[in-house]
Amino acid sequence: METPQIAQAVRAGERKESGRLNFILRKLKRYRALFLMIIPGMIYLIINNYLPMFGVVIAFKDINYAKGILGSDWIGFKNFEYLFETKDAWIITRNTILYNGAFIVINTVLAIAVAILLNEVKKKLASRFYQSAILLPYLISMVVVGYLGLSLLNVESGFINKQLLPLLGMDPIAWYTEAKYWPYILAIVNIWKNVGYLCIIYLASIIGIDHEYYEAATIDGANKWHQIRSITVPLIMPTITIMTLLAIGRIFYSDFGLFYQVPLNSGPLQPTTDVIDTYVYRGLMTLGDIGMSSAAGLYQSLVGFVLVLAANYAVSRKNRDQALF
Amino acid sequence: MKTNHMNQYAVHAILILLTAACVFPFLLLITSSLTQEQAIVRDGYSLLPKAWSIEAYEYLWNKSTSLVKAYGITVTITIVGTTVGLLISALLAYPLSRGDMPLRGTLSFIVFFTLLFNGGLVPTYLVFTEVFDMKNTLLALIIPGLLTNGFFILLIRSFFSTSIPVPIIESAYIDGATEFKIFYQIVIPLSLPILATIGLMLTIGYWNDWFNGLIYVTEPELYSIQNLLNRMLSNIQFLQQTNIGGNNSTAAAGLPMNSVRMAMAVAGILPILCVYPFFQKYFVKGLTIGAVKG
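Order-wise, the sequence lines are chains A and B.
FYI, the working numbering numbers position 244 of the first sequence as 244, with every residue one higher than the one before it.
FYI, the working numbering numbers position 167 of the second sequence as 167, with every residue one higher than the one before it.
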């Protein structure tokens, strides 16, 4: 009595199975063009992004080109032990975090101040002109910034040594060999290059504020300073929070060009200009120390990953819609 | 109205000062390139040189084949990279924007994860040089910058899914249009603003790229304009550090003269300075969409 029922059930199951298979095949056929479209991009991401992700295992190997990358011996955490035994690991971590931390604070404050000023300009054309000018440095490559820096700081013919310091009655300074000046120089160059970008973003946010708030405040007798403190800044706070948290998420990565091109990759400046990115680059390209370099790189990637997740978590706590995920 | 705005004179005064600070190094670069060599040696770089001259540009025009070649390389990689990058990005973004696309969540995550984690310089370098053998090829200057990571794709995807009405796509499909036809006859024409913006960002990225040339190219034949500039800068660096002999050593080392050096840097930024005023609107848009929503 039971067998026909079981057979029936099995047949139904088979039908369901083949039904699902059919369904999948039909879907594949229906969407095959769309699947074709994503193939080039996916292949690209696999080569450019995913292969290197798996490639981080080389940090645990003693790379020997004769044996090939896959054939090189595993050495566990040796590379990391060497890295963290040296003073380098501490110096590059300290420099990276201090520089980026300072950049975040200074750039945010200046960008908001300039954005508020730009918003006060009544003439449209003038405002556009100022915006174009302060955004200009953001457009050019760091190599060219290196040249601009050189025209100012060149020891024998730079503008500062030849024109400015004599005016102040000071002696020329050998900028490219004196490490102590570089935290300030790099901060100034970074401000010069990036404040325009941040400023445009805050300006977009300020323009979005409803004018009625300001009109009501004016009627109530609030002066400009009060309005900035009690209306402008609180209302752009969401943007400030997001931009700052995103920057904190990237605090372990520095602008390689800034630290490599502007100090002209100068050895004597390394104590104050060496960051994780320049250290990794030098290990790979000039010293040929792949083990150390890849260990520092993986250290950066992992801490960076954790920081991005943490920053995003903080953003999503603040405002669900603004979070990346 | 008067109470609603700050003192306009003060506002303009501060902004003019800031503008001057932003533009000053560019002006110095340009005047330096137009200064007589002896004047630079005597007085240094100056905004108002005592002796003007276009000898640096004449020298570049007559002597420097490497500059012309580098321009050729830069223009090639910029055009090819921007076109291919834009095409691949749009092709990948479109299916991900379609609500009915199977596996949409998984595929989007694959794109998105590239923003969170990257393998770093060393594995990337080894993949391109050891696995794909791209050292000293034009491809090494183009491929790494095509998508870089999934960021632009996500921007294009969100534009597609918010700005292209689904009924249009559906009715076109019912009328018998293939997916590819829908893509290039409906989706692309409706998305020109975002594609122009992303294209502009890619163009600037390729024009300014010196990093890929620095690590993948050692052959001077393949130097882009940025790499040529970079090369000259690293030669100067040696002299700055040793700090011996003054400007005579520069001449002795066979390096270009001070003004020629600056003239080359001008050549590197001139095209961007020329087109910037016309594209400023798109550029600003690109920056703000990128920041506000990823």
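For the record, the hints were derived by calculation from the structure and aren't laboratory data.
Cβ coordinates follow ideal geometry from the N, Cα and C atoms, glycine included.
It is possible that part of the hints are untrue.
What the hints assert, rightly or not - Residues from chain A that face chain B, not an exhaustive set, calculated with beta carbons under 10 Å:
id : residue
1  : L28
2  : I75
3  : G76
4  : K124
5  : L125
6  : P183
7  : I185
8  : G304
Structure-based check of all given hints:
Below 10 Å, beta-carbon pairs count as interface contacts, and L28(A) has one with chain B at about 8 Å; its hint therefore holds. The interface hint given for I75(A) is violated, since its Cβ lies 15 Å from the closest Cβ of chain B, which is over the 10 Å cut-off. Residue-level restraint check for G76(A) is violated (minimum Cβ-Cβ distance to chain B is 18 Å; threshold 10 Å). Residue-level restraint check for K124(A) is violated (minimum Cβ-Cβ distance to chain B is 13 Å; threshold 10 Å).
Interface hint at L125(A): violated, since its Cβ lies 12 Å from the closest Cβ of chain B, which is beyond the 10 Å cut-off. Hint status for P183(A): violated, given a least beta-carbon distance of 19 Å to chain B, over 10 Å. Below 10 Å, beta-carbon pairs count as interface contacts, and I185(A) has none with chain B, the closest being about 13 Å; its hint is therefore violated. Residue-level restraint check for G304(A) holds (minimum Cβ-Cβ distance to chain B is 8 Å; threshold 10 Å).
In summary, the numbered hints that this structure violates are 2, 3, 4, 5, 6 and 7.
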